[in-house]
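Chains as they are written, first to last, in our numbering: chain A, 1 to 325; chain L, 326 to 751; chain P, 752 to 1020; chain S, 1021 to 1345.
Incorrect hints may have been included.
[What the hints assert, rightly or not] When the alpha-carbon atoms are kept at most 25 Å apart in a straight line, the in silico BS3-like pairs for lysine-lysine are as follows:
{"id": "1", "chain 1": "S", "residue 1": "1343", "chain 2": "L", "residue 2": "536"}
{"id": "2", "chain 1": "L", "residue 1": "526", "chain 2": "S", "residue 2": "1336"}
{"id": "3", "chain 1": "L", "residue 1": "517", "chain 2": "S", "residue 2": "1257"}
{"id": "4", "chain 1": "L", "residue 1": "680", "chain 2": "L", "residue 2": "536"}
{"id": "5", "chain 1": "L", "residue 1": "672", "chain 2": "S", "residue 2": "1264"}
{"id": "6", "chain 1": "P", "residue 1": "959", "chain 2": "L", "residue 2": "745"}
{"id": "7", "chain 1": "S", "residue 1": "1264", "chain 2": "L", "residue 2": "680"}
{"id": "8", "chain 1": "L", "residue 1": "743", "chain 2": "P", "residue 2": "790"}
{"id": "9", "chain 1": "S", "residue 1": "1217", "chain 2": "A", "residue 2": "285"}
{"id": "10", "chain 1": "S", "residue 1": "1340", "chain 2": "L", "residue 2": "536"}
{"id": "11", "chain 1": "P", "residue 1": "959", "chain 2": "L", "residue 2": "672"}
{"id": "12", "chain 1": "P", "residue 1": "824", "chain 2": "L", "residue 2": "743"}
{"id": "13", "chain 1": "L", "residue 1": "707", "chain 2": "S", "residue 2": "1217"}
{"id": "14", "chain 1": "L", "residue 1": "544", "chain 2": "S", "residue 2": "1264"}
{"id": "15", "chain 1": "L", "residue 1": "680", "chain 2": "S", "residue 2": "1343"}
{"id": "16", "chain 1": "P", "residue 1": "851", "chain 2": "L", "residue 2": "707"}
Treat the hints as calculated values from the structure; they're not laboratory data.
Spelled out, the chains give:
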Amino acid sequence: MLLFSKYYKIVAIFTFGLLLNSELLASQTYWFSDTPPDREFAKKLSSSHDGLVLKSRRDGTSKLLWLREGEDPLTSTYVKEADAPLILLDAKKNLKTVAFKNKSYAEAIFKMPDEGFYNLFMIKRFVEDNTLYSITAKKEVLNHSCREGHDNIKEKMPPNAYEAAPVDIIRERMPRERFHTHVTSGDIVSYRILQKGKPLADASVTLVTQKGWKKTLKTDENGHVTFEMIRDYYPEWHEFKRRTRENFLVIVEYVQAQSGTLDDMTYDTISYKATASGSYYPSTKDYQSYLYGLLIGLFAFFATFLSVYLYRRRRLNVYQEQRLD
Amino acid sequence: MANHKDEIKHPFNLTHQASEATRMLRSITDDFPDNPEAMNYFYDLYKKVYCEGVSLHENKKIVGTMCVQVPEELIYASGAVPVRLCNGFYTDDHNGADFMPAKSCSLVKATLGMLDSKSTLPFINRLDDIVLPATCDQKRKAGSMIADMGYSVYDMEVPPVKESEEARIYWRRSIRKFAGELKQITGKKLSKSSLKEAMAKISRAQKAYRKLYELRKQKNSVILGKDVFMVTNAYFFDEIESWTEAVNRLNVELEKRVEEKYSAAQRRAPRLLFTGSPAIFPNLKIPMLIEESGGVIVGDETCSSNRMLYDMVSSDEWHLNAMVDGIADNYLKPCTCPIFTKNDDRKRKLLHMAKEFAAEGVVYQSFSGCQVYSMEQASITKALNDEDIPVLFIESDYSPDDMGQLSTRIEAFIESLKAKRRRNRK
Amino acid sequence: MKYFAGIDIGSTAIKIALIDEEKKILASRVTPTGSHFRKNAITALETTLSEINISMDDLSYMISTGYGRKLMKESDESVSEITANAIGAIEAGRQHGDIKTIINIGGQDTKAIQIDDMGTVTNFAMNDKCAAGTGKFLDVTAMNLEIELEELGDYHFNIKGAPLPINSTCVVFAESEIIGLLADGHNKEEIVAGIHYSIAKRTVRLAKRVGLEGNVYFDGGPAMNKGLVAAMEDELGKELVIPEHPQITTALGAAVLALEAYYDEMEEE
Amino acid sequence: MIKNIRKKINNGDLRRFRFWLQIFFFLLFVYGGYLSINLGQNIPTFACGFNSEGQGATCYLIPLQHQLALSSSTLFSMAGIAVLIGFSYFVLWFLVLNKGWCGYACPLGTIQDWITSLRSRLGIPYASYTWEQFKHLKKIKYILLVLMVVIPMGIGAGFFSHDMSTPFCMICPGRTLIPIFTGDFSQLTIDFSSKTKMILTTLGMLITGIFLAGSFFKKRFFCFFCPMSALHFMLSKLAFLKLKKDGSKCTKCGDCYTVCDMQIKEIADDVESKNILQDDCIMCLKCVSACPEEGALEVKFMGIPVFEATVEGYIKRMEKENKNG
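Throw the hints in and build the complete structure from the sequences for me.
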């Protein structure tokens, strides 16, 4: 039954064929994913610390992101065509515009010449039924190669905010977070929601994991919201893979009573919807054991101690006979 | 044991040994001018011990040692005093010849003669044990003879090779066993602090000796070799602390001599190294002949002197195990005694000493009967000759018969060194 | 004219050499040492001096050598016979070309000396205590065979058979061995040659210890024994340089050293 | 002037000097990160990179293993140059101190020395290998070095799984122990996520236990097996700091051997070699300070004598030792 419903949903999406237009935007959720829609295509990409990247001799490292539609990270469809403006906040905090490439799917590609975090924003505004819909999709991407060393990580760690964004979802860094740190189940992730650079209070923030678990919270007066990543990965023990990378989605929704005009259309309400996607891994606690570690360590320690002790005892016997075979 | 407590029949000063010692001592003190003032301590010591029979180390257990390989640190740490029994008396050589083969080494004969006649050393009757390292064949076989005389003898095993790891292990075990044996003799268990103290005691003595050794490198020889032999020989039986003090006093005096540019020998006296069979009082025949013939012994490589005091023990950690192993290594590895298979270490040592002391020649004594020194002679001579250092090889014993011939040879050697120097100058 | 004297007081003979500034030998003498060697030495010296009509006071410098060197208080200094022998050999053997090795057989000892071009002793070897292979050995042989010492050479060359092997190296045992050989009916010639070869063998072995290079000079009383010389040459495999007066080489060396010492002293003054 | 300074150094108390220098390097490498110290990632000693918070520098073996694990095509392309550059930095660092890095700077070495001094204080005698054991054990470090190169290259070529990355680090007790000093116990676990990881972490903990007990009995227990030491030895002929021996002055008294933590027999017995540095040597220079032969052992920096064995210095140190013991 469950299988069927999933199947039904996918079939439905493909049947209607999605185009990115205003009518649909109002109700749907859009987000950026770095998982290629095409499995064959994925083979051309190389893995990096933060998902797949495209490496070429001419352009260096580039990141590819695809726009997806849907609230459930697992079943969201890939948008086939999109024409919304894209803004890139690069590792050096410069702003650039990027355009969608609509090959088979709406795809954004940008080069990452520097080490650090790149933020891609898709911002779309339109009026409908006296409501201004402000849609933002954000993706934070890390560019890092161990070959470059790990010398200046600390200064590159803090997140960069895009002040002009109608809503910016900033993932705050976890304690001791470094380039190599992954968000894992059980981690506390906290977000700061900014509206034009200022904290947005009382906005509803929803976290959706790949398995579809959802939780909605309201931001406090500083725009903060904190989730604990739940554990939703329960494979058979022999199928456990600690490199299981799953996506999660943070969706911010906020409605504000404010009137104005946009493109000669008036509105009296603004409805904001912003997304930011991330990825998470199984918690190390799921597969690492202190107990065994310490037991084995202590065993080795005492075994060595005992063998040295016994050896020394034995050596007190007078000359050991030479063994000949 | 009761039999060695017998009274000596003659008053000590009337024995042949006493008169032999007196003659030698007189010759040492009177034949040379300006002996260092501080040497009087040593002259008096010999006079007291060998001529007057004054006993030392009262109320202490005495362990006689028969070779340089016996770790004295362990003996001191066990509360006893080591006394080296190697003897240089011709009278005792004669006594020994009564029951030993005529061709055996004078040193062994004299030592056994002394032990048999129970004279010469005033405290010979008080020996609690004799440690006999199985070094050369003659000493090895002497063990049971000594035991038959009624002494308690401990045979200490010595490996014949010293380079191998097996030898090192064997020797370390031998030394540990010896430490156990000492406990039996003295009833005192070796402790960390007593061994440390013993090591410190010996290292103070060695420090004083090293200073003396350095002073002999002076271009102007500040002390004659015969006096240094007297100093180092005294270490055989003297109270170690007072010996150290006396050497330190001597060093102070010699330093003054250095400042005053005083020379104990003729200014141009050829500088010689002495090596081979040990010169032990009163058999200072060859050193005396050398220095009477106008040479000066600036350094020596013998077990009665340099080999006994030169190498110092170090330890990484101050536990008994580490200390005893360190001591063991020190008594085996640097030992240049020819009983060990290889000759290289002795060659290297002599070449280095010749350089260090600016020695012009080497006098190599081998006691007749000492096979190993005689056999090693050729290769040592070659090694030294290759570095343009002439060697005079002398095979001799304790008898004074060959003095005339020896004096000719030694003089000729010294003359040839002088001539060589003249030739090199031209 | 200056006179220099070298006096070699050996165990069997006292040898005296007198030279002038040109190192020319003016007079020489060999006399037995006897028991009062100091008295005998002075008498012999005075006799020698009187041959050229001078007295002790006319001597500029005198050096004594040999076993009795230190007791000869009349001399200016003493030098070991090895050094003196080397110098003497250089002097006496000059016309024979470079001398590198000297073999000296004395009354009680045998020496082999290696020298460089300057006459400096670079190495030497001497027999140990025992008198085997020394002049004494020849004395004893001659006495036992009841022939004169000077006749030994003639006997050596008159040999008919092969030289007899003499096994004993000790003078005392050799004596009884000779008597035994005589008793067995061996003739004297064979015994003498045997003795010569025995001495030659020992001496050559000693000489080999210092190395046998260049011309080998042979001196000392026994060098006058032609038979021994022949045996030695046979053993060595080369010819020996024999000086005109083999006995006085050492004394001559002492005299030359006296001359050098005299001029050295003059220079220093 | 220079003579006086030299004399002061030669008479100096090496033990104390070394103790403090080791502490200095320990603080620098283990806690330097807190003071924003970073000496880079090409350090020729175990400045463990798993100690993410405090590391003031990173052990070269980490980047080396990482770099060798690059896919073969990358490794032998331009990226290979970066590997070579990293290696040359490593060599440059190494050249300065030669194996002195081991005896003075290595935090793992310092930990072993602390354990040794604890044992010594407890009055338990140290262990030593027999010559036969020693000969066999000393080969291990070369085997480890080869594995450390071959396995990552095997990963790059696709023969092994990425779970085998940094194989040496996985079994290095530095990984488990050094992070503890900054309160990070996370390396003491067994990783059950894959068989490879499980085996490697179990080995790591076993070795940690053996290390702790082993270094309690045997001075510098681990250094016999250290592949860094093997790597050092291959370059040691080029280094500026040199340990020289004048065999003609040596009496083979064995004092140097007695104090040698690494049981290097050659230091006492080899009288031929001028450059006496052996592959096991950690250049602690205890041998020089225990040598009573004037100039028999000598430390030179670019040909300039720095520290030399002297009788005077030896006697001074021994008297002091004997007093304190």
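Hint-by-hint comparison with the structure:
no.: 1; hint: 1343(S) to 536(L); in the structure: holds (21 Å)
no.: 2; hint: 526(L) to 1336(S); in the structure: holds (15 Å)
no.: 3; hint: 517(L) to 1257(S); in the structure: violated (42 Å)
no.: 4; hint: 680(L) to 536(L); in the structure: holds (18 Å)
no.: 5; hint: 672(L) to 1264(S); in the structure: holds (21 Å)
no.: 6; hint: 959(P) to 745(L); in the structure: holds (22 Å)
no.: 7; hint: 1264(S) to 680(L); in the structure: holds (20 Å)
no.: 8; hint: 743(L) to 790(P); in the structure: violated (32 Å)
no.: 9; hint: 1217(S) to 285(A); in the structure: holds (14 Å)
no.: 10; hint: 1340(S) to 536(L); in the structure: holds (19 Å)
no.: 11; hint: 959(P) to 672(L); in the structure: holds (23 Å)
no.: 12; hint: 824(P) to 743(L); in the structure: holds (23 Å)
no.: 13; hint: 707(L) to 1217(S); in the structure: violated (66 Å)
no.: 14; hint: 544(L) to 1264(S); in the structure: violated (29 Å)
no.: 15; hint: 680(L) to 1343(S); in the structure: violated (35 Å)
no.: 16; hint: 851(P) to 707(L); in the structure: holds (19 Å)
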